[in-house]
Amino acid sequence: MELTATTTIRKPASEVYAYWRDLENLPTFMAHVEQVRTTGSRTSHWSAAAPFGKNVTWDAEILDEDPGEKIAWRSTGNADVPNAGTVRFLPAPDGVSTEVHVVLIYDIPGGVIGKAVAKYFGEEPHQQLDDDLRRLKQVLETGEVVRSDGAPWGKRARKEFPQRPAQPLSDAELAKGADQ
Amino acid sequence: MRANTWAGRNKVEVRDVPDPKILNKRDAIVRITSTAICGSDLHLVDGYVPTMQDGDVMGHEFMGEVIEVGSGVSADRLRVGDRVVVPFPIACGACAACAAELYSCCENTNPNAGIAEKMFGHPVAGIFGYSHLTGGFAGGQAQYARVPFADVGPLKIESELTDEQVLFLSDILPTGYMGAEMCDIQPSDVVAVWGAGPVGQFAMDSARVLGAAKVIAIDKEPYRLRMAEQAGHIPVDFDEVDVRSRLLELTGGRGPDKCIDAVGMEATHGSAHIAAYDRVKQAVRSETERPHALRQAIMSCRSGGVVSVIGVYGGFLDKFPAGAWMNRSLTLRTGQCHVQRYMKPLLQRIERGELDPTRIITHTLPLDEAERGFEMFKNKQDNCEKVVLKP
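Chains A and B, in that order, are what the protein sequence lines are.
Quick note on our numbering: the first sequence kicks off at 1248 and runs consecutively.
Quick note on our numbering: the second sequence kicks off at 4 and runs consecutively.
Be aware that a few hints might be false.
Said to hold, decoys possible - DSBU-like cross-link-like pairs, simulated, lysine-lysine; straight-line CA separation at most 30 Å: (1) Lys1258(A) with Lys28(B); (2) Lys347(B) with Lys28(B); (3) Lys1402(A) with Lys121(B); (4) Lys347(B) with Lys1258(A); (5) Lys28(B) with Lys1402(A); (6) Lys121(B) with Lys1362(A).
No lab work stands behind these hints, which were simulated from the structure alone.
Required output: the full structure, derived from the provided sequences and hints.
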């Protein structure tokens, strides 16, 4: 499965690139990624919440990078869902902003895992990635993922519909905090 | 705290809900001193805006005192104790839309942007108390509200003006003003305004301060037309006269140079069969609007004129007079108001006495009587023009 998405962020390419290249930032805006740990200059260890409750982990390596322009990576070893991705950073015509173009490729296996992954992405798998990029834009342009009362959990907004009512959170709900 | 909430179609209910707390660093909490019921709240209550949920706190016109600020709000911008009017669109101040002063199209403040994008092609800003389509933000018909991006939107009031003089800077005064500003008014212009509700009244006053030669008010409620007439505008009652003929008469056959639709999706119509056509289509949701005012504005406007739309539309409409629009070189301009753009200049106009927003207030009620306020405003009882609520 190949997913593509793009957004424009009103920051210079060097800044957007630097944020993404610090891979440990990715869970801030990528809904399915729980944690990325840097294990070497080009290698990292990823964990994601699997739809059946168990965490999936894999290793990844950066295959190619041009500072300020491009990062390409792929999973290594025996990943449950082998995957690869490329993100390109292009100057927008306004001379201020950066276009972010992402391509993700998932090699979805058969069996239980494959079914679970397919269910997770749902009927419109690209939406997940669109929302990820919207949050990346929020973080870089405004400093944080924006929370509303109806959608206070940050990364989970899309998954919860109908949402909680647009009224202030109770103390118990507030204590849960936003998803990171 | 007490808050007025949406409780299903045709029902609002003042309930106890938790007090708001800071969720994002650039939030502030405001203790509300005055809030109002807006005509667009009626579209929510009437069930024509999708994605409302039982318990949603309503209200997007409010002001009050800052009682808490988040760690990301700098003290030179806003501090505890400041008296502020809060604009209804939530804007980040940093995206390309905000940089172009298109605040109601802010690209970052709607956590449900994906849904808005499906309906509108591209997302729109978050709005207080105005459905989950515009973010699911709790509104301001309440004792307290959380105000996101408090370092961008709220306007500090440092003079002695009363709440009633400045409250409408939150929405309807800038909305009416933008309606007139989009008309690019020339000294020779006759401006016709459909709808003599609160926004229509302010569009008329704004057309006058922007230099229009003549301003015409079109409505069917005698008390609303009287209110417009007392402010110096020319009333046209569409229940009594044929609007097109009357407009031709008032303009020497030219038609108004500029036309403002301050009605939107729930217009009523003098002609029963046209009204029935749209009512049925709207009821079965095969058309979301009843756009009589817009159609009539387009048909009435002089060739080469401007039709400016500030009445709210939510979806799709039928029988749009595209032929008149195209063949007669009309310009159609519209937008949810970019309130932040107009707050300061309009505050100055209020201070100079050029605009008197208090002239439309007919009722002031405690917040707990919000339901009665909605009832009166919706059904135009007791000559109701504008309800201010006091929490």
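Hints violated by the structure (listed by number, smallest first): Of the numbered hints given earlier, the structure breaks none, since each of them holds.
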